[in-house]
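Engineer: Chains as they are written, first to last, in the numbering used here: chain A, 66 to 117; chain X, 406 to 623; chain R, 406 to 623; chain Z, 3 to 206; chain V, 3 to 206; chain P, 176 to 421.
Simulated from the structure, these hints should not be mistaken for lab results. Note that CB positions come from ideal geometry on N, CA and C, so glycine has one too. Any given hint might turn out to be false.
[Unchecked claim] Quick partial rundown of chain Z residues pointing at chain R, CB under 7 Å, derived from the structure:
no., residue
1, GLN54
2, TYR70
3, PHE89
4, ARG114
[Claimed, not checked] Taking lysine-lysine and the DSS-like style, the derived pairs with C-alpha atoms no more than 27 Å apart in a straight line are:
no., chain 1, residue 1, chain 2, residue 2
5, P, LYS190, A, LYS112
6, V, LYS6, V, LYS166
7, P, LYS190, Z, LYS194
8, A, LYS112, Z, LYS8
9, Z, LYS192, A, LYS112
10, V, LYS8, V, LYS194
11, Z, LYS8, Z, LYS192
12, A, LYS72, P, LYS190
13, A, LYS114, Z, LYS8
14, Z, LYS194, A, LYS114
15, P, LYS190, A, LYS104
16, A, LYS72, X, LYS415
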Amino acid sequence: MMPDLGKYATSVLSAYGASIAILVVLIWASLARSARVRKSLEAFEAKRKGNG
Amino acid sequence: MIALLLRDLKIAVRAGGGFGLGLAFFLIVVVLVPFSVGPQSSLLASIAPGILWLGALLACLLSLDRIFALDFEDGSLDLLATSPLPLEGIVSVKAAAHWLTSALPLVIAAPFLALMLNLPAAGYFWIVLSLLLGTPALSVIGTFGAALTVGLKRGGLLLSILVLPLYVPTLIFGAELARRGVNGMDTQTPLLMLAGITFATIALLPFASAAVIRINLR
Amino acid sequence: MIALLLRDLKIAVRAGGGFGLGLAFFLIVVVLVPFSVGPQSSLLASIAPGILWLGALLACLLSLDRIFALDFEDGSLDLLATSPLPLEGIVSVKAAAHWLTSALPLVIAAPFLALMLNLPAAGYFWIVLSLLLGTPALSVIGTFGAALTVGLKRGGLLLSILVLPLYVPTLIFGAELARRGVNGMDTQTPLLMLAGITFATIALLPFASAAVIRINLR
Amino acid sequence: MVLKVKDLAVSRGGLTVLEGLNFTLSPGQALVLRGPNGSGKTTLLRTLAGLQPPAAGDIVGDPETIAYAAHADGLKPTLSVRENLAFWAQVFGTSDLSPAIDAFNLGTLLDRAAGALSAGQKRRLGLARLKVTGRQVWMLDEPTVSLDTSSVEQFAHTIRDHLKNQGSALLATHIDLGFEATVLDVSPYKAKLRDLPVLEEGLL
Amino acid sequence: MVLKVKDLAVSRGGLTVLEGLNFTLSPGQALVLRGPNGSGKTTLLRTLAGLQPPAAGDIVGDPETIAYAAHADGLKPTLSVRENLAFWAQVFGTSDLSPAIDAFNLGTLLDRAAGALSAGQKRRLGLARLKVTGRQVWMLDEPTVSLDTSSVEQFAHTIRDHLKNQGSALLATHIDLGFEATVLDVSPYKAKLRDLPVLEEGLL
Amino acid sequence: MSERRSLWEYANPRKFMGLSGTILPWITIAGGVLLVVGLIWGFFFTPDDYRQGSTVKIIYLHVPSALMAINAWFMMLVASLIWLIRRHHVSALAARAAAPVGVAMTIIALVTGAIWGQPMWGTWWVWDPRLTSFLILFLFYLGYVALWAAVENDDTAADLTSVTCIVGSVFAVLSRYAVNFWNQGLHQGASLSLDPEENVADIFYYPLLVTIAAFVLIFVALVLLRTRTEIRARQLRAYMARERMQ
Ligand code: HEM
Ligand SMILES: Nc1ncnc2c1ncn2[C@@H]1O[C@H](COP(=O)(O)OP(=O)(O)OP(=O)(O)O)[C@@H](O)[C@H]1O
Ligand SMILES: Nc1ncnc2c1ncn2[C@@H]1O[C@H](COP(=O)(O)OP(=O)(O)OP(=O)(O)O)[C@@H](O)[C@H]1O
Ligand SMILES: [Mg+2]
Ligand SMILES: [Mg+2]
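Work the whole structure out from these sequences, hints included.
Structural biologist: See the structure below:
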């Protein structure tokens, strides 16, 4: 399954690893913030409706 | 006292300042070095420990004026000085807050920048160790300098000039420690000297800083 | 306009600031380099042009926040903006005042510091020429950065971060010009590039600076 | 008429503070803005002085006729009182300092550094600046802060003089200044909170 | 008696400004300092608060009982009103903010950043700080600057309350505050220019 | 004027939220699928290069990320200009939303480039024109993000960052075209040019195209998502500001 990467295995694997890790962090951070902001906005609008 | 520390940390985080900016400055200085001395990598590696120390020192230096100036300008310092907190405690807390917000991030970032300067990986440990040991002295000495210049509008440059000579011993032994460590030489002497400087300044300088603040508030 | 220039020069002289302090900072940085990279004189001479440029650049940088911040804090900038002077003129005068008080002294002092770094005497001309040609760009770019951060309390570090990347091209060609000159190599390309950068920034950036000031005063 | 305001709305920090303002200022007229703290007087003055754009409505008038005096006096602490005044005179292209000096009794302080003045003395210098601008419309934000009674009297006298010479003045203040002026209470113009500044409501 | 001043002389910028001051401040008493601009009120207050040493004479009193409010309010623009107050409460070892908030009507502003307040709102926050210090002697330098009439009324009310609880207050002001107080005019104590501050005359 | 619906309608926050909400899932799915396909294709099913060995596989990450790092800045430039000229808030918020994505792309390009450089050039880093201007662009990204964070008032921040973006574009242009100006430096020239002579071998080229498309889609998806977040955050700030005024 795994292709033979020869003597450059560490280079290639670390490049893939680092890139995917950065992408994952970016996506996770975007989603987390999206959820957080969305929740607080909903809470805020709900509270306002409740108040009248 | 804790309240003061927390407030200062909060302000630093809130201003988006503290952490990020000092770091970015450090990064930029280290990046500029190759531009200015030229990019031969052997030359770079040989001056790397020195450059990292110099960059960290300058990044610390630039954030010094925040220590007291804002509090002085908006009158907080007058009010703190007439509060129940001892002035020696106040300056120590200020130094601690400076170290946490400005110096610690530099220590953590140093290995990554060392990479850009082609420093061999074995040297990272020594870079971090020497910075970790030396930067508290930079914060404490800097606090003294900030206290000296607190009355002056835009005393930034004067502050640098007063503080830099005081930084020289720390820089010499810190960079020496890093250099020797990187080259695998004996590190005991600079290590002891650096630790000595740090502990001595932490123990003694807050009294001087407090006295100087008192004078400046008159 | 002239009145503004004279006032700024007067304030700089009166504060004991302008001339002396930037210079002293330059001096100290150049003195610290041997401490941090170690004192082998061949190594020093080879990095001397770069270090001189870096030191001059940092000294310029540190004095940038004075350009507008004081006028902003005490309300002068509001009053100047509502005065008959065009804002583009005001920012240009500010840049000129900064160059005269902060950069010019560095250019004059550079040969003396070059001596400390074991630079061969033949190189002095090139050091001075490259600084003379490059520092106006540093002042103009710095004025732009100062205008960007004028509303922010202690925007000093942010200022550095915004300005330093813009300084890179000037630094590269300035240091390159000095290095080539010192080593007797062909200097035409960096000379033209440096002059080009300086004139382009002088011609264009004041408009950006004025726009940014207007935004910040809102 | 030197200044005419039509349906003006002003905003601060992204929120409309006052709206629906309509008034005119004629030569020889003084208009005093009143209103509780935070009602938007400073914001209105800054907008009229051209330092920030109006949120809505029109301001008809030549900004080149306005001299604005903010809360901060724009003094350089290291320059002397005379140098501070002379600088502003040059900027505004006038040259005679003596009326300004006499009006605010600065004669004895002329060679003092502005940084070594007391709060009230600084304020007097800041007000003297107005006289050297030679401009017709004065916009003053709480001009009498820190002034003692005799200085307030001097100030009122100066304003009366200015009005007599077809000048006009727009002042924000909480205390009585001792001269006749039209009063404009800004509180009725407080912006309704009906719309959000940028976005629509219930957007989610 | 919480503060007693004997033959006090105070100096500013190396020159004696006031001299021969004698007065006492008792619990429940308010003392208002009056005097024209530049007469030395600020200098006197700073000296009494312990920020600068007296040029001559004695101050009998415990600096630990004094809460000083200068012209500048010591507010952090990026912290909210509540955070600003809470900080000072912690520094002075008290914990209940609500009396201070109520006294100066800050309830609606609590979550606002202090930097986004109007001049008068800032001042109110600065004054509210006094209440959280829990100290007995308040020293106030022109406390009502920028306040509108209803806020001045609130302030006077707070002071009266404070006096009723055996507190005392020392105020420098140019305008009437609307409560009963002993008035001390500092002008008669203006320092004669007879001696040089440091060196003896004819020293050459 | 005309009955035709104008593109500017989508500068209205509500319209934008509606449209972006509908297309976001599709773009996300498409981007994710293409990324997986492209990377698996590139990693498992392409041969080693005769000179570069297996390191050639890094191309599938390096080139798309470097491309997007620069394109993100151009997108921000356009958004900034729209804000400055037409003052559509969505546009300013989109620029704000794109910057951190651009930063991440830049970091990926820098990291993969450095890792690739070690075996190819024998060093992590060289100071050639493209790399240098790319690094400056990275620093500009940091300053841009810091400026957004540092300025309190949203409109002021949008104005200031727009000017910064315009000034920084000089370096975006340089990092793409510097190789054309100075024919020095170690870094690869245009391997994707239309001239078939200069193209990399087809066998590397097709999976590369797939990953480039994937990065573009992922970028668009992230920017849409983050713009939606920024709009909500702006809305929230506006509510809170209004609340405080009462
Ligand atoms: C830290 C080191 C590196 C950096 C910062 C870097 C940066 C860049 C940049 C900015 C681009 C241009 C993208 C565009 O124009 O849209 C690029 C493209 C490219 N890079 Fe790198 N790179 C680095 C190292 C390398 C190495 C070591 C190799 C291979 C030996 C390489 C191969 C390529 C190729 C093949 C392209 C596509 C060329 C084109 O289409 O213009 N890079 N890189
Ligand atoms: N920088 C700011 N950001 C956001 N809101 C602000 C800012 N400055 C002031 N405000 C708010 O705008 C409103 C109007 O303020 P303004 O300073 O114009 O009031 P004012 O009438 O001058 O009050 P005062 O009499 O206290 O000086 C106030 O509610 C204030 O809290
Ligand atoms: N930093 C300083 N250096 C030298 N002299 C000063 C300085 N500050 C104030 N003075 C002078 O000291 C004297 C007393 O000033 P002070 O500020 O105490 O007056 P004040 O009574 O508070 O006046 P005001 O009512 O205007 O606030 C004044 O003549 C003033 O000019
Ligand atoms: Mg106001
Ligand atoms: Mg006073």
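Engineer: Work down the list of hints and note, for each, if the structure agrees.
Structural biologist: Structure-based check of all given hints:
Interface restraint check: Z:GLN54 against chain R, minimum CB-CB distance 4 Å, threshold 7 Å, status holds. The beta carbon of Z:TYR70 is positioned within 7 Å of a beta carbon in chain R (closest approach about 5 Å), and the interface hint is therefore held. Interface restraint check: Z:PHE89 against chain R, minimum CB-CB distance 5 Å, threshold 7 Å, status holds. For Z:ARG114, the interface hint is violated, the least distance from its beta-carbon to any beta-carbon of chain R being 14 Å, above 7 Å.
Proposed proximity of P:LYS190 and A:LYS112 is supported: the alpha carbons are some 25 Å apart, at most 27 Å. Using a Cα cut-off of 27 Å, the hinted pair V:LYS6 and V:LYS166 holds, with the two alpha carbons roughly 20 Å apart. At most 27 Å may separate the alpha-carbon atoms for a hinted pair to count; P:LYS190 and Z:LYS194 meet this at roughly 26 Å. Note on A:LYS112 and Z:LYS8: the hinted pairing is violated, with a Cα-Cα distance of about 38 Å set against a maximum of 27 Å.
In summary, the hint linking Z:LYS192 to A:LYS112 is supported, as the alpha carbons are separated by about 25 Å, within the 27 Å threshold. With a CA separation close to 18 Å, the supplied pair V:LYS8 and V:LYS194 stays within the 27 Å bound. For the hint pairing Z:LYS8 with Z:LYS192, the CA-to-CA distance comes to about 16 Å; that is within 27 Å, so the pair holds. Between the alpha carbons of A:LYS72 and P:LYS190 the distance comes to roughly 54 Å, so the proposed pair goes past 27 Å and is violated.
About 36 Å separates the Cα atoms of A:LYS114 and Z:LYS8, which puts this hinted pair outside 27 Å; it is violated. The straight-line distance between the Cα atoms of Z:LYS194 and A:LYS114 is roughly 19 Å, inside the 27 Å bound, and the hint therefore holds. Restraint check: the Cα-Cα separation between P:LYS190 and A:LYS104 comes to about 21 Å, which is no more than 27 Å; the hinted pair holds. At roughly 49 Å between alpha-carbon atoms, A:LYS72 and X:LYS415 are farther apart than 27 Å, so this suggested pair is violated.
Checked against the numbered hints given earlier, the structure breaks hints 4, 8, 12, 13, 16 and satisfies all the rest.
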